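**Q** Read off the chains here:
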Amino acid sequence: MKSKVERHNLFVALAFLSPALFFYLLYFIIPVPMSFFYSLFKWNGLTPNMEFIGLKNWNFLFQDSIFWKSVINNFVLVIMSILIQIPMGILLGTLVSSKLKSAKIFKLLYFIPMTLSAVAIGLIWIFIYEPNFGVINTFLNNVGLSNLACGWLGDTKTALGAVIATICWQYIPFYMIIFSAAISSIPKELHEAAYIDGANGIQTFFKITIPLITNTIIMACILALTGSLKYFGLIYVMTEGGPSHSTELMAVYMYKQSFTNFRMGYGSTVASFMFILSIGLTILTLFIGVKRNGLNG
Amino acid sequence: MDKKAPTFNMVAIIFGILWLFITLFPLVFLVMNSFKNSMEFFMGSPWELPKKLFFDNYTQLLSTNFSHYLINTVIVVIVSLIILVLAGSMGAYALSRLKFKFKNFIFIMFIVGITIPIHITLVPVYAITKNIGLYDSIWGLIGPYVGFNLPITIFILKSFMEDIPISIEEAAKIDGATRWFIFWRIIFPLSTPAITAVAIYDMVILWNEFVFALVLINSPENRTLTLGLWDFQGQFTADIPAMMAVLLLSTLPLLVLYAVSGEKLIKGMTAGAVKG
Chain H
4 MKSKVERHNL
14 FVALAFLSPA
24 LFFYLLYFII
34 PVPMSFFYSL
44 FKWNGLTPNM
54 EFIGLKNWNF
64 LFQDSIFWKS
74 VINNFVLVIM
84 SILIQIPMGI
94 LLGTLVSSKL
104 KSAKIFKLLY
114 FIPMTLSAVA
124 IGLIWIFIYE
134 PNFGVINTFL
144 NNVGLSNLAC
154 GWLGDTKTAL
164 GAVIATICWQ
174 YIPFYMIIFS
184 AAISSIPKEL
194 HEAAYIDGAN
204 GIQTFFKITI
214 PLITNTIIMA
224 CILALTGSLK
234 YFGLIYVMTE
244 GGPSHSTELM
254 AVYMYKQSFT
264 NFRMGYGSTV
274 ASFMFILSIG
284 LTILTLFIGV
294 KRNGLNG
Chain F
65 MDKKAPTFNM
75 VAIIFGILWL
85 FITLFPLVFL
95 VMNSFKNSME
105 FFMGSPWELP
115 KKLFFDNYTQ
125 LLSTNFSHYL
135 INTVIVVIVS
145 LIILVLAGSM
155 GAYALSRLKF
165 KFKNFIFIMF
175 IVGITIPIHI
185 TLVPVYAITK
195 NIGLYDSIWG
205 LIGPYVGFNL
215 PITIFILKSF
225 MEDIPISIEE
235 AAKIDGATRW
245 FIFWRIIFPL
255 STPAITAVAI
265 YDMVILWNEF
275 VFALVLINSP
285 ENRTLTLGLW
295 DFQGQFTADI
305 PAMMAVLLLS
315 TLPLLVLYAV
325 SGEKLIKGMT
335 AGAVKG
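Protein chains in written order, with the numbering used here: chain H, 4 to 300; chain F, 65 to 340.
Just so you know, the hints here were simulated from the structure itself, not pulled from any lab data. Predicted, not measured: the structure shown is a model, and the values here were computed from it. Incorrect hints may have been included.
Under 10 Å between C-beta atoms, here's a sample of chain F residues computed to sit facing chain H [said to hold, decoys possible]:
hint, residue
1, F79
2, M103
3, G177
4, W203
5, G211
6, S314
7, G326
For every residue, glycine included, the Cβ atom is placed at its ideal position computed from N, Cα and C.
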């Protein structure tokens with residue numbers, strides 16, 4: 004009797020879930036084992052003949068210095084995101100959640116980059132970095148600092164920094180919103196009490212605001228970590244991973260191997276590696292979450 | 065307290081204006097230079113205002129594929145959004161209000177999709193799309209667009225639906241209403257605020273989507289706006305002001321949406337990361 008009810012419940016639930024499951028399984032879940040499967044083959048993706056080569060792609064992956072360069076760049080990106088975007092996000096979050104009259108207008112205008120596509124942002128910044136007619140170099144030439152003018156995106160020394168600056172420009176507003184929400188939820192009495200005790204703005208910021216948003220800071224670091232694996236459009240548009248792989252990221256490398264060089268088997272190997280890495284990061288995230296909640300509770 | 069406030073405010077305002085400059089300067093240059101002709105641009109400096117407004121950069125777009133790209137994007141985004149809202153809210157209903165076996169398993173399976181980068185699905189999705197004959201068609205984009213936006217959509221809708229008082233549903237059940245009826249007549253309408261937020265978020269993501277379009281579309285007439293932009297880049301390398309005009313036009317719809325919805329769009333786009 005009970006199992007009959009259970010079966011009925013399962014049937015009703017699956018009926019509600021079926022449209023979502025259809026799209027999600029077909030386009031997200033099934034592709035994961037497919038990627039691992041393809042990683043065992045040599046395949047150009049254009050013709051149906053796939054040559055089974057065992058773990059050769061995986062062997063190659065571990066010796067592929069360009070791939071490891073892209074892994075390192077991904078981590079540089081995470082570290083720079085955490086060092087630049089999060090502090091700026093906290094500062095701007097404090098500003099837009101303050102009692103200033105202009106705070107709301109600031110918030111609305113600051114958020115504009117988040118609404119633009121990575122492609123549009125990439126193309127706008129190409130124009131800003133452009134060596135001859137670009138915004139930065141013409142400015143430097145006009146103020147007599149032409150020795151500082153350089154190829155920005157075309158120079159292996161500056162390309163990654165230039166791309167990271169653009170990424171920061173786009174994503175700082177996102178962190179600003181996260182932190183402004185966290186800061187707004189701090190009870191006002193705490194700040195008032197601190198003022199009465201004679202604390203100044205800077206002291207209250209470090210002694211009250213920062214400790215109370217620690218959880219949000221940790222969450223923001225996690226978002227920066229998992230988000231970095233998803234960077235593609237901006238870099239692909241701005242540099243295609245060049246010059247000489249100085250801005251190569253895993254997602255860009257994976258795309259180029261699969262769809263520019265038509266090495267779909269090897270591209271799938273890179274993709275599978277990214278999957279393992281992101282699952283690892285997700286588990287780490289959950290672990291940190293459980294540990295912190297355990298400590299707090 | 066009163067003594068310190070003015071200096072603090074001054075510093076804050078100066079910092080605020082400085083950041084405003086950083087945020088807006090790329091867009092100011094975009095607008096300014098899109099009204100120059102290419103001669104004027106290459107002879108002068110991007111910092112100069114246009115001598116007179118030159119609209120040809122905009123009017124010449126009429127003879128390009130730009131309108132195709134725009135229509136394709138509008139169709140793909142609207143169809144994907146409808147499916148996302150329907151499939152997502154139905155799924156979220158089951159995961160938030162029904163008791164059944166494998167519920168946690170299914171929920172976790174969806175949630176994992178939030179952190180996993182979609183790029184790992186590119187080759188298989190390309191193969192699947194080719195096999196079902198939708199390669200190089202705008203309809204082929206809808207499946208992946210729905211698929212990769214479902215996790216966050218379901219996550220947001222589920223947490224909203226969980227907060228709807230269960231008593232409303234119980235009352236309807238006593239009156240003999242079916243689950244199907246309860247969902248469409250009670251839960252779905254009550255979830256409007258969350259559905260709006262999630263739809264705005266999905267819309268921004270889909271309007272700006274690039275990588276699936278890059279992989280699944282080939283012919284010029286089937287391209288979406290972001291892919292088209294990428295293409296104009298090759299076409300207009302010698303004409304930067306024309307490129308600026310295309311860029312501005314392609315981002316205008318979302319800027320208008322933002323101007324109209326303001327806070328709501330911000331809320332929608334950060335709903336996954338900010339609770340409440």
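**Q** Against each hint, give a clear statement of whether it holds in the structure.
**A** Hint check results:
Interface hint status for F79(F): upheld, as the beta-carbon distance to the closest one in chain H is roughly 7 Å, under 10 Å. Because the closest C-beta pair between M103(F) and chain H is about 12 Å apart, greater than 10 Å, the hint is violated. Contact between G177(F) and chain H, as hinted, is supported at the beta carbon level, the nearest pair being about 6 Å apart and thus within 10 Å. With 10 Å as the threshold, the beta carbon of W203(F) stays out of range of chain H, its nearest partner Cβ sitting at about 13 Å, so the hint is violated.
Checking G211(F) against chain H by beta carbon gives a least distance of about 3 Å; that is within 10 Å, so the hint holds. Checking S314(F) against chain H by beta carbon gives a least distance of about 6 Å; that is within 10 Å, so the hint holds. Satisfaction of the interface hint for G326(F) is found here, the shortest Cβ-Cβ separation to chain H being roughly 6 Å, below the 10 Å cut-off.
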